[in-house]
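Quick note, the sequences are listed as chains A and B, same order.
Take the first sequence: its letter number 233 is residue 233 in our numbering, and every next letter is one higher.
Take the second sequence: its letter number 34 is residue 34 in our numbering, and every next letter is one higher.
Since the hints were made in silico from the structure, they are not lab data.
The reader is advised that the hints may include incorrect statements.
[Unchecked claim] Using 27 Å as the maximum straight-line C-alpha spacing, the simulated DSSO-like pairs for lysine-lysine come out as follows: (1) A:K305 x A:K278; (2) A:K260 x B:K248; (3) A:K77 x B:K135; (4) A:K125 x A:K275; (5) B:K236 x B:K262; (6) A:K233 x A:K118; (7) A:K32 x B:K142; (8) A:K236 x A:K305; (9) A:K266 x B:K135; (10) B:K236 x B:K122; (11) A:K266 x A:K191; (12) B:K152 x A:K118; (13) B:K262 x B:K142; (14) A:K266 x B:K248; (15) A:K191 x A:K275; (16) B:K135 x B:K122; (17) B:K236 x B:K152; (18) B:K122 x A:K77; (19) B:K152 x A:K308; (20) B:K142 x A:K118; (21) A:K118 x B:K164; (22) B:K87 x B:K122; (23) B:K135 x B:K125; (24) A:K236 x A:K45; (25) A:K87 x A:K118; (26) B:K142 x B:K236; (27) A:K149 x A:K32; (28) B:K125 x A:K32; (29) B:K248 x B:K262; (30) A:K77 x A:K118; (31) B:K248 x B:K152; (32) A:K216 x B:K204; (33) B:K142 x A:K266; (34) A:K45 x A:K275; (35) A:K275 x A:K233.
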Amino acid sequence: MKLSSVVLLSVSILAQAAFAEPTGRVFVTNEKSDSVSVINGSTNKVEATIDIGERPRGIGISPDGSEVYVAISEENKIVAFDPQSLKIIREFDAGEDPEAFAVHPNGNIYISNEDDAKATVINPKSGEIIAEIHVGLEPEGVAISPDGKQVIVTSESTNMLHVIAVPEHNISANILVGARPRAATFTTDSKFAYATAEIGGEVLKVDMASGKIIAKTSLGDDKAKPKDVLVSKDGKTLYVAGGRMNQVMVLDANTLELLKGIPVGKRVWGLAMSKDGKRIYSSNGVSSDISVINTEKNEVIATIKVGKFPWGIVIDD
Amino acid sequence: MCSKCSPMISATVITMALLAGNSVAETTEINLSFIGDTNSLAYQGAQQGRDEANIQGRFMGQNYTLNASPEDSTAIVAAVDAESLRKLSASHPNKTIFNLTAEDDALRSECLANVVHIIPSKAMKRDAEAQWLQKNPDSSAKAQTWHPTFRKYAASQLNSRFSKTHSVKMDDTAWAGWAAVKILSDSVVRGQTSEAQTLLNFIKSDLAFDGQKGISLNVRNTGQLRQPLLLIENDKIAGEAPVRGVTKTSNLDSLGLASCPK
């Protein structure tokens, strides 16, 4: 065998090992059932339920699609499982009461530690803590820019978006927002970010180059607060989970004008979007179901019963 | 510092070399004055508020203290009786006096321009209890502003932060002390000022404060902080007021004197 074909062969084996074929499954953490529901993304049917640990909340997938991570809040750890075989691969320490996290394109996990006013960077392969960054009180939402250069951590009781530079892991900006910032997300080009402020009832748009808020709108009422937020792949449309409003709200991503409310289940909390941008899934805590939204029509095309208090969603596509 | 100087002087700008990662170069010193018993829960609450304000201050460029004299302070945090509050109000007309402990209804109807009552009035508590009784005629629940077992709206996080630091449970006056300092620091960063009179104006007209009670809080023209109350029976939380079903839960003005007598 010639040297070049040996190299080629090893490369193709490596590629196979590194990039698992997507299963097309949708994984949902059920906070009060201590489980993960495994949904077939084509049939919208639950095909398995994994007993995962006490109070699972945040969920994410490795960039190569080979591992799904779940924050087990009551057990202070993250569990990794195989999205294909659904077998637990390993678990590692995640600090006290782990909740929301995001997975960086380089594979590292960025997690907010609510009781310790810090964010922690963990290598999920080794469980090694790479960095700890002090942020404001009650850090909650974590968003990572698609280019991997910036991480936003929201601090709910300090009312700020902390922008963390990667790989330096220092804070490059602190942006004061409305009361109790909950979630953030970046546009595909990493130039803008959106965030929700729960008590302030606000949705806002930030220009990441200047660190300035360039648009802001009020949303919800005294009981219905904006929760999770997502932006469409083309950057034109914003989706906000409306909590007890029982709607996913559709906004013009530029003007933040409210275009439509999509009725979903009760107390809608978490959102996830497919890679092609054509579907959005919402976790509806009180009605214990998932709504599947077609983003071309902005309509619910399926409702899937899952465990109690579905919290986080990740798609292996 | 001199007592003849304008209140603005009390905010001294000090340039500090800060650790990498906290990207502010200048820190504004904001000195508050605490009047009252420093062995009280009200004081411990104010200390908690100061510590939390300083966490934000690390990022936004402020440092708060609680031990200025009333003359040299940006605002006064007072755990005193009604008569002492009136005197403080009269002798410091251009700065905020936070009332942490005096529940007297008369203080609200007097509409002292510079007093912000964090603690609810007796009338607010009476109204909360009356609403509760309409739905629960046999209940003996009493209204409180806070409770150490309060968990909703991230109240549990505040309760655990306080008890961890002070080895004691957060009560109504401790919450009031915490809220007073956080309202002040929130107004400093949102109003972008450390001038006493400007802060007072901001607090009275522009406040949108997260008191970890689930709804944005602001101030009536009487000086009273609008807020939901808890109904406590056998040292447990039985409900919240405004009472759902009796009125809208957002109808905070159903509790106590809603505005100044004409």
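Do the hints match the structure? See the list:
For the hint pairing K305 of chain A with K278 of chain A, the CA-to-CA distance comes to about 21 Å; that is within 27 Å, so the pair holds. The straight-line distance between the Cα atoms of K260 of chain A and K248 of chain B is roughly 26 Å, inside the 27 Å bound, and the hint therefore holds. Distance check on the hinted pair: K77 of chain A and K135 of chain B sit about 44 Å apart at the alpha-carbon level, beyond 27 Å; violated. For the hint pairing K125 of chain A with K275 of chain A, the CA-to-CA distance comes to about 24 Å; that is within 27 Å, so the pair holds.
As the CA atoms of K236 of chain B and K262 of chain B are separated by approximately 39 Å, the hinted pair breaks the 27 Å bound. Annotation: proposed proximity of K233 of chain A to K118 of chain A is violated, straight-line Cα distance about 30 Å (limit 27 Å). Between K32 of chain A and K142 of chain B, the direct Cα distance comes to roughly 32 Å. Violation of the 27 Å bound is thereby established for this hinted pair. A hinted pair counts as satisfied when its Cα atoms are at most 27 Å apart, and K236 of chain A with K305 of chain A does not qualify at roughly 30 Å.
Using a Cα cut-off of 27 Å, the hinted pair K266 of chain A and K135 of chain B holds, with the two alpha carbons roughly 26 Å apart. About 20 Å separates the Cα atoms of K236 of chain B and K122 of chain B, which keeps this hinted pair within 27 Å; it holds. With a CA separation close to 33 Å, the supplied pair K266 of chain A and K191 of chain A exceeds the 27 Å bound. Distance restraint check for K152 of chain B and K118 of chain A: the Cα-Cα separation of roughly 22 Å lies within the 27 Å cut-off, and the hinted pair is therefore satisfied.
Between the alpha carbons of K262 of chain B and K142 of chain B the distance comes to roughly 31 Å, so the proposed pair goes past 27 Å and is violated. Taken as a hint, the K266 of chain A and K248 of chain B pair is honoured in the structure, with Cα atoms around 20 Å apart against an allowance of 27 Å. Taking the CA atoms of K191 of chain A and K275 of chain A, the gap is near 19 Å; set against the 27 Å cutoff, the hint holds. For the suggested pair K135 of chain B and K122 of chain B, the alpha carbons sit about 21 Å apart, so the restraint of at most 27 Å is met.
About 14 Å separates the Cα atoms of K236 of chain B and K152 of chain B, which keeps this hinted pair within 27 Å; it holds. Annotation: proposed proximity of K122 of chain B to K77 of chain A is violated, straight-line Cα distance about 47 Å (limit 27 Å). Distance restraint check for K152 of chain B and K308 of chain A: the Cα-Cα separation of roughly 19 Å lies within the 27 Å cut-off, and the hinted pair is therefore satisfied. Between K142 of chain B and K118 of chain A the alpha-carbon distance is near 38 Å, which puts this suggested pair outside the 27 Å criterion.
Of the supplied pair hints, the one linking K118 of chain A and K164 of chain B holds, its CA atoms being roughly 17 Å apart against a limit of 27 Å. For the hint pairing K87 of chain B with K122 of chain B, the CA-to-CA distance comes to about 21 Å; that is within 27 Å, so the pair holds. For a cut-off of 27 Å, the pair hint linking K135 of chain B to K125 of chain B stands: about 16 Å separates their Cα positions. Distance check on the hinted pair: K236 of chain A and K45 of chain A sit about 30 Å apart at the alpha-carbon level, beyond 27 Å; violated.
Distance hint between K87 of chain A and K118 of chain A is unfulfilled; the C-alpha atoms sit about 31 Å from each other, more than 27 Å. About 10 Å separates the Cα atoms of K142 of chain B and K236 of chain B, which keeps this hinted pair within 27 Å; it holds. Taken as a hint, the K149 of chain A and K32 of chain A pair is broken in the structure, with Cα atoms around 35 Å apart against an allowance of 27 Å. Proposed proximity of K125 of chain B and K32 of chain A is contradicted: the alpha carbons are some 35 Å apart, above 27 Å.
Distance hint between K248 of chain B and K262 of chain B is fulfilled; the C-alpha atoms sit about 26 Å from each other, no more than 27 Å. Of the supplied pair hints, the one linking K77 of chain A and K118 of chain A holds, its CA atoms being roughly 16 Å apart against a limit of 27 Å. Distance check on the hinted pair: K248 of chain B and K152 of chain B sit about 18 Å apart at the alpha-carbon level, within 27 Å; holds. For the proposed pair K216 of chain A and K204 of chain B, the alpha carbon gap of about 23 Å is at most 27 Å, so the pair holds.
With a CA separation close to 32 Å, the supplied pair K142 of chain B and K266 of chain A exceeds the 27 Å bound. Of the pairs offered as hints, the one joining K45 of chain A and K275 of chain A holds, with about 20 Å between alpha carbons and a cut-off of 27 Å not exceeded. At most 27 Å may separate the alpha-carbon atoms for a hinted pair to count; K275 of chain A and K233 of chain A meet this at roughly 9 Å.
Of the numbered hints stated above, those contradicted by the structure are hints 3, 5, 6, 7, 8, 11, 13, 18, 20, 24, 25, 27, 28, 33, listed in ascending order.
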